[in-house]
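K.L.:
Chains as they are written, first to last, in the numbering used here: chain A, 2 to 292; chain B, 340 to 1081; chain C, 388 to 544.
The hints are simulated quantities; they were obtained by calculation from the structure and are not laboratory data.
Treat the hints with care, since some could be wrong.
[Said to hold, decoys possible] SDA-like, lysine to any residue: derived pairs with alpha carbons at most 25 Å apart:
1. 943/B to 248/A
2. 390/C to 248/A
3. 459/C to 64/A
4. 766/B to 191/A
5. 512/B to 524/B
6. 390/C to 49/A
7. 390/C to 1006/B
8. 347/B to 482/C
9. 418/B to 561/B
10. 459/C to 482/C
11. 766/B to 347/B
12. 505/C to 91/A
13. 946/B to 1062/B
14. 750/B to 733/B
15. 946/B to 175/A
16. 264/A to 1006/B
17. 540/C to 85/A
18. 390/C to 15/A
19. 173/A to 289/A
20. 264/A to 1070/B
21. 459/C to 540/C
22. 507/C to 85/A
23. 173/A to 68/A
24. 507/C to 193/A
25. 943/B to 191/A
26. 459/C to 264/A
27. 946/B to 102/A
28. 505/C to 471/C
29. 946/B to 243/A
30. 954/B to 537/C
31. 390/C to 48/A
32. 540/C to 390/C
33. 459/C to 9/A
34. 640/B to 728/B
35. 459/C to 452/B
36. 507/C to 542/C
[Claimed, not checked] Interface residues of chain C toward chain A, partial, derived using beta-carbon atoms under 8 Å:
37. 405
38. 433
39. 517
Glycine included, every Cβ here is placed at the ideal spot set by N, Cα and C.
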Amino acid sequence: MSSYSYAAPTSVDEAVEVLATNAASGQRTQCLAGGTDVLVQMSSVDREPRLLVDVKHIEETNAIDIGNNEIYIGAAIPSAILNENEELKALLPGLIESADLIGSTQIQGRASIGGNLCNSSPAGDTIPALIAVGAQCVIAGPDGTREVATEDFITGVGTNCMSDSEFLLGLKIPRPGARTSDAYLRFIPRTEMDIAVAGAGVALTLDENGVCTAARVSIGAVAPTALLVQEAADALIGTNVDDVALQAAADACSAAASPISDKRGTVVYRRKVVGVLCKRAGAIARDRASA
Amino acid sequence: MAEAVDLKAIGTRPIRPDGIEKVTGRANFGADLNLPGMLHGKILRSPHAHARIKSIDVSRALALDGVISAVSGKDFPEKSGNDLGVNIIARDKVLYDGHAVAAVAATSAFVAEQALALIDVEYEVLEPVLSIDQALSDNAPLVNENNHTNGDTSKPASNVAAYQIMSRGDVEKGFAEADVIIEGEYRVPTAHQGYIEPHACTAAMNEDGRGTIWCSTQGQFDVRSNTAAVLDKAVSSIRVIPSEIGGGFGGKTTIYLEPVALHMSELTGRPVKMVMSREEVFRATGPTSATLCRAKVGAKKDGTITAATAWLAYEAGAFPGAPIGPGCMSVLAPYDLDNFKIEGNDVLVNKPKVCAYRAPGAPQSMHAMECAIDELARELDMDPIDLRMKNCSDEGTVAPYGPTFPPIGLKACLEATKAHPNYQKAKPENGGRGIAVGFWFNIGMQSSAEVRIAENGGVTIMEGSPDIGGSRASMCLMASETLGIPYEQINAHVGDTEGTGYCNTTGGSRTTFATGMAVIQACEDIIAQCKQRAALTWDLDVDQVDWEDGQAVPKPGVNADVSPLSLADIARSAGRTGGPLLGRASLNAQGAGASFSVNWTDVKVDKETGRIDVKAFTAIQDAGKAIHPAYVEGQMQGGAVQGLGWALNEEYIYNDDGIMENAGFLDYRIPVASDMPMIDTQIVEVPNPSHPYGVRGVGETPIVAPLAATSNAVRDALGFRIYDLPLSPPRVLEAIDEQENA
Amino acid sequence: MAKVHVTTSVNNQPQEFLCEPQESLLNCLRDEINLTGTKEGCATGDCGACSVLVDGRLVCSCLMLGVEAEGKEVTTIEGIAEPDGLHVIQQKFLEHAALQCGICTPGFIVAAKALLDKHKDPDEETIRYWLAGNLCRCTGYDKIIRAVQDAAKELAA
Chain A
2 MSSYSYAAPT SVDEAVEVLA TNAASGQRTQ CLAGGTDVLV QMSSVDREPR
52 LLVDVKHIEE TNAIDIGNNE IYIGAAIPSA ILNENEELKA LLPGLIESAD
102 LIGSTQIQGR ASIGGNLCNS SPAGDTIPAL IAVGAQCVIA GPDGTREVAT
152 EDFITGVGTN CMSDSEFLLG LKIPRPGART SDAYLRFIPR TEMDIAVAGA
202 GVALTLDENG VCTAARVSIG AVAPTALLVQ EAADALIGTN VDDVALQAAA
252 DACSAAASPI SDKRGTVVYR RKVVGVLCKR AGAIARDRAS A
Chain B
340 MAEAVDLKAI GTRPIRPDGI EKVTGRANFG ADLNLPGMLH GKILRSPHAH
390 ARIKSIDVSR ALALDGVISA VSGKDFPEKS GNDLGVNIIA RDKVLYDGHA
440 VAAVAATSAF VAEQALALID VEYEVLEPVL SIDQALSDNA PLVNENNHTN
490 GDTSKPASNV AAYQIMSRGD VEKGFAEADV IIEGEYRVPT AHQGYIEPHA
540 CTAAMNEDGR GTIWCSTQGQ FDVRSNTAAV LDKAVSSIRV IPSEIGGGFG
590 GKTTIYLEPV ALHMSELTGR PVKMVMSREE VFRATGPTSA TLCRAKVGAK
640 KDGTITAATA WLAYEAGAFP GAPIGPGCMS VLAPYDLDNF KIEGNDVLVN
690 KPKVCAYRAP GAPQSMHAME CAIDELAREL DMDPIDLRMK NCSDEGTVAP
740 YGPTFPPIGL KACLEATKAH PNYQKAKPEN GGRGIAVGFW FNIGMQSSAE
790 VRIAENGGVT IMEGSPDIGG SRASMCLMAS ETLGIPYEQI NAHVGDTEGT
840 GYCNTTGGSR TTFATGMAVI QACEDIIAQC KQRAALTWDL DVDQVDWEDG
890 QAVPKPGVNA DVSPLSLADI ARSAGRTGGP LLGRASLNAQ GAGASFSVNW
940 TDVKVDKETG RIDVKAFTAI QDAGKAIHPA YVEGQMQGGA VQGLGWALNE
990 EYIYNDDGIM ENAGFLDYRI PVASDMPMID TQIVEVPNPS HPYGVRGVGE
1040 TPIVAPLAAT SNAVRDALGF RIYDLPLSPP RVLEAIDEQE NA
Chain C
388 MAKVHVTTSV NNQPQEFLCE PQESLLNCLR DEINLTGTKE GCATGDCGAC
438 SVLVDGRLVC SCLMLGVEAE GKEVTTIEGI AEPDGLHVIQ QKFLEHAALQ
488 CGICTPGFIV AAKALLDKHK DPDEETIRYW LAGNLCRCTG YDKIIRAVQD
538 AAKELAA
């Protein structure tokens, strides 16, 4: 029986080489940032030995860069550190909230947005929030880096567009302009420690009169992957994001959802609640944008 | 019992003797022991809810480097093929998802885990029985082809292991006299005790056939006798050393790993350590019963209850033993009734064998009846406390299960509720408030204790009741009170099976009552000896000596020019007066006083998501006499939150094949700190006449009322009733939608 | 299978150990260096019994590899007490009867220390959410919250 091994590359090139070499040898590889999903899988779901590549000792996975046009967030930065960054929190409150919702304080100390994305669960909390703010995933591989929109990054339940020799470096997010903000809400049965039963992220821009000029709405845990719901955005654009518009957006989210019934919720429940979350998150984003 | 005397120690809140070790990480729990040369054992568990085992081949596992032993059911003594033995390791059939099938011992836990994947088991999958409705239906598959209800083989085999009935008067006549009749059918899901420490043990068998087991248990003596039975060994050949125990709530009153570990130790000649994963704890240890209860109650317009019936069906899991007895005893215990009928059914299903869980059986049946009583109060337009006050059991009431109640505290709790500021406060806006009564009869049983006096007068209590919630502090307080010496000079220890006299398992809220009584009697033994020693020293008769405030003194009127002798004085000279001071007591405690409670929950409901927020919770309970009030409050608060978790979100979720889908703390959702408000408590003290200080057990009762209290609160908030638990968001939202569409 | 040599600091003392690459920090603490005060309740990050501080940050040691401790400073329950006695949080847990069985207590104390290192005057809601990753099945949390509130007050005094 083969055994586990561990590598902690300190540069992108080194990481890419480790991944490529291991992929070529036919060995299984798994990248690790905070490890809060990976270690659970190793101990309970899938014990098969593999090479663990720890990607958090690389400068690019740990950088935060708030530029005039673009914000870069390294893939391996723990949620707790993001949450301590007041500038980031002011610019992208919904996204940072979504990262802050993942697990306990303990999990926050390790779990990263990049890991949440790479785990590619339908219920990952940061994913709808990332889609809403239009995040691009920066992927490093043997041929350099490439960028993929978050909504295209995830390809199915637990799968994404990266090959065995690629890894996620970070996320690029357009810097929100004036009167632009976002919000993310999820529903869980308890107040903490659960996986989202449904989630909704809303990012929007208002003009001076409070009319919505741009919006992105994304929903999670109600389909095999998080969805960008254009119809919901359309329901908000051109309105004052009042109750009528929010209800229309909510209905669009409910219509777009194709959930399953499982131990966390039923089809009917998820479909209804995802609309409620869209409505409530939309109102929060509106209030933030007009503040 | 002692008159209300001026108590010095009892009723104070000192720091527990085992506290320091527990806040510094030094306390040793079940998994904390490692021995030289130790192997690690792991268990292969059934992936099927019901299947015949056609073959088990461990050869590939044994071939793995580091694997020393691999065993299955056939390697265990034939004689151990009773329910307990078969639950510990399956023989010809697996009876639930998670049922143990084989075990390995290896040089590391990692290797043992890997080896499990190399054990080849061939199954013939059988149709499982997964609910009470299915189990009771015609043509249901049989969990056990040899099971006949109450052992009556003249009747066909059935999934009902036992049926019992309690009745009084004429219920038909009673209902005929009623102006209002309330009827309902209530379901409560399977709930797990959820102790944070998984089961763990280390076992070492010597070549002479004597073995030692270190384990986390509520009862080292039961581990000894049960393990001996399963392995067909003499009870006295096994020594069981209980570790500190990381929660039990009834779930650690039986055995799972111990015989397997000891058996593999015998086979390998090396100690074997076994620790369950959390997933194993959920899938394979005993939760409590899922239930279906029908409650019917009738009353006159003035609120007089004329008749009540309860039909209870409890899932036993794959082996008989659901707590229908206590369920039946409790369901109508708060009410003084002329006409009632209570039926209980112990129903086999292909799920883990249930085990005790805090007031086993009472929360489920009383959920049904206390919801029915709440509906009755609404129908009669009566205050729910007034309705209960009108019908409540009191001293002299003949309990439904037979005995006449001595003084009990139900009325006092109801009165305290009415007077409580939280009850007088308005309920939450757009929310609801629900109240319910809780009850547990409490038990006594066998205990022994020794009190040993050191050369300097220091006191050591040695007893055999594993301490789950601070009972050693209570023992020290009772000893302090009895001996009249400071609490700080006393220490209490839980001995192993060879270091202390026999004690029944910690459970049923018996420890502070029964073992406490043994400690008090052992202290009285010490006092008697001290008086003797003082008499000897002073050249007086023993009946001329008194014991006052921790000292021997001449009785008033006795003419003796002597200074009082303290315990320390007597201990220092004990060598000259007859040898070391050693007090002992053993007893079978009678008269465990029943403990009643009244609880109320204040909730808010998010009608768009079905989420229930508990805004406030208040628990009032009769403790008889609170020895250490902080730990009594702790029992009330902990039980309340367990009950709230059960009411709100906790449940076993099985798929159609009977595979548990939420075997972890992620999806078996016990309350977290942010879910809960502060739990307000008020201790009522109606002394138990059968205990020297008036103690009633307090541990079980707190979990009973929160289920119905919360159901009733949600009923109050929504304006209609949801009969089943848990009141999880999907269930609540579905009910709201149905109501709106109706 | 090759064991990895890890050089780290545990409770302010240099510490080396050998571990397998997949071994959790929790198992390394308990089995490799015999610090059994850190408990396993679930091994999936859901109960917090294994809470430790790594470079001052609260983590579940069951969700961190032992090899990841290389070069880090780890603080366990055994390192919380002060040289001159118990930490205030430990003392308050005792005074408030904030433990019954005690299995979750090490994790709660470590988590509470991380909280009070960061927030000097947390309100009840902050405390409850900070400690939401620590399960206690005995106390209903009430006395734990009160112990932490009292410890915060005393530390601020």
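K.L.:
Now look at each hint and say whether the structure bears it out.
P.N.:
Each hint tested on the structure:
Restraint check for residue 943/B and residue 248/A: the C-alpha separation of about 23 Å stays at or below 25 Å, so the hint holds. For the given pair, residue 390/C sits about 58 Å from residue 248/A by alpha-carbon distance, which is inconsistent with the 25 Å threshold. Between residue 459/C and residue 64/A the alpha-carbon distance is near 20 Å, which keeps this suggested pair within the 25 Å criterion. In summary, the hint linking residue 766/B to residue 191/A is supported, as the alpha carbons are separated by about 22 Å, within the 25 Å threshold.
The straight-line distance between the Cα atoms of residue 512/B and residue 524/B is roughly 22 Å, inside the 25 Å bound, and the hint therefore holds. A C-alpha spacing of about 18 Å is found between residue 390/C and residue 49/A, which places the hinted pair at or below 25 Å, so the restraint holds. Restraint check: the Cα-Cα separation between residue 390/C and residue 1006/B comes to about 35 Å, which exceeds 25 Å; the hinted pair is violated. Restraint check for residue 347/B and residue 482/C: satisfied, since their Cα atoms lie roughly 19 Å apart, inside the 25 Å limit.
For the suggested pair residue 418/B and residue 561/B, the alpha carbons sit about 18 Å apart, so the restraint of at most 25 Å is met. Among the hinted pairs, residue 459/C with residue 482/C is inconsistent with the structure: their alpha-carbon atoms are about 33 Å apart, more than 25 Å. The straight-line distance between the Cα atoms of residue 766/B and residue 347/B is roughly 40 Å, outside the 25 Å bound, and the hint therefore fails. Note on residue 505/C and residue 91/A: the hinted pairing holds, with a Cα-Cα distance of about 20 Å set against a maximum of 25 Å.
Between the alpha carbons of residue 946/B and residue 1062/B the distance comes to roughly 18 Å, so the proposed pair stays at or under 25 Å and holds. Pair hint residue 750/B plus residue 733/B holds up; C-alpha atoms about 7 Å apart against a cutoff of 25 Å. Proposed proximity of residue 946/B and residue 175/A is contradicted: the alpha carbons are some 37 Å apart, above 25 Å. Restraint check for residue 264/A and residue 1006/B: satisfied, since their Cα atoms lie roughly 8 Å apart, inside the 25 Å limit.
Distance hint between residue 540/C and residue 85/A is fulfilled; the C-alpha atoms sit about 24 Å from each other, no more than 25 Å. For the hint linking residue 390/C to residue 15/A, the alpha-carbon distance of about 22 Å falls within 25 Å, and the restraint holds. Among the hinted pairs, residue 173/A with residue 289/A is consistent with the structure: their alpha-carbon atoms are about 22 Å apart, no more than 25 Å. The suggested pairing of residue 264/A with residue 1070/B holds, with an alpha-carbon distance near 12 Å, which does not exceed 25 Å.
Restraint check: the Cα-Cα separation between residue 459/C and residue 540/C comes to about 31 Å, which exceeds 25 Å; the hinted pair is violated. For the suggested pair residue 507/C and residue 85/A, the alpha carbons sit about 16 Å apart, so the restraint of at most 25 Å is met. With a C-alpha separation of about 10 Å, the suggested pairing of residue 173/A with residue 68/A holds against the 25 Å cut-off. Only pairs whose Cα atoms come within 25 Å are accepted, and residue 507/C paired with residue 193/A is accepted, the gap being roughly 23 Å.
Annotation: proposed proximity of residue 943/B to residue 191/A holds, straight-line Cα distance about 14 Å (limit 25 Å). About 39 Å separates the Cα atoms of residue 459/C and residue 264/A, which puts this hinted pair outside 25 Å; it is violated. For the proposed pair residue 946/B and residue 102/A, the alpha carbon gap of about 23 Å is at most 25 Å, so the pair holds. For the proposed pair residue 505/C and residue 471/C, the alpha carbon gap of about 23 Å is at most 25 Å, so the pair holds.
The suggested pairing of residue 946/B with residue 243/A holds, with an alpha-carbon distance near 20 Å, which does not exceed 25 Å. About 23 Å separates the Cα atoms of residue 954/B and residue 537/C, which keeps this hinted pair within 25 Å; it holds. The hinted pair formed by residue 390/C and residue 48/A meets the criterion: a straight-line CA distance of about 18 Å does not exceed 25 Å. With a C-alpha separation of about 46 Å, the suggested pair residue 540/C and residue 390/C falls outside the 25 Å cut-off, and the hint is violated.
As the CA atoms of residue 459/C and residue 9/A are separated by approximately 14 Å, the hinted pair is consistent with the 25 Å bound. The suggested pairing of residue 640/B with residue 728/B holds, with an alpha-carbon distance near 15 Å, which does not exceed 25 Å. Between residue 459/C and residue 452/B the alpha-carbon distance is near 29 Å, which puts this suggested pair outside the 25 Å criterion. Distance check on the hinted pair: residue 507/C and residue 542/C sit about 8 Å apart at the alpha-carbon level, within 25 Å; holds.
With a cut of 8 Å, the hint placing residue 405/C at the interface with chain A is violated, because the nearest CB-to-CB distance is about 13 Å. Checking residue 433/C against chain A by beta carbon gives a least distance of about 6 Å; that is within 8 Å, so the hint holds. Because the smallest distance between the Cβ of residue 517/C and any Cβ of chain A comes to about 5 Å, under 8 Å, the interface hint for this residue holds.
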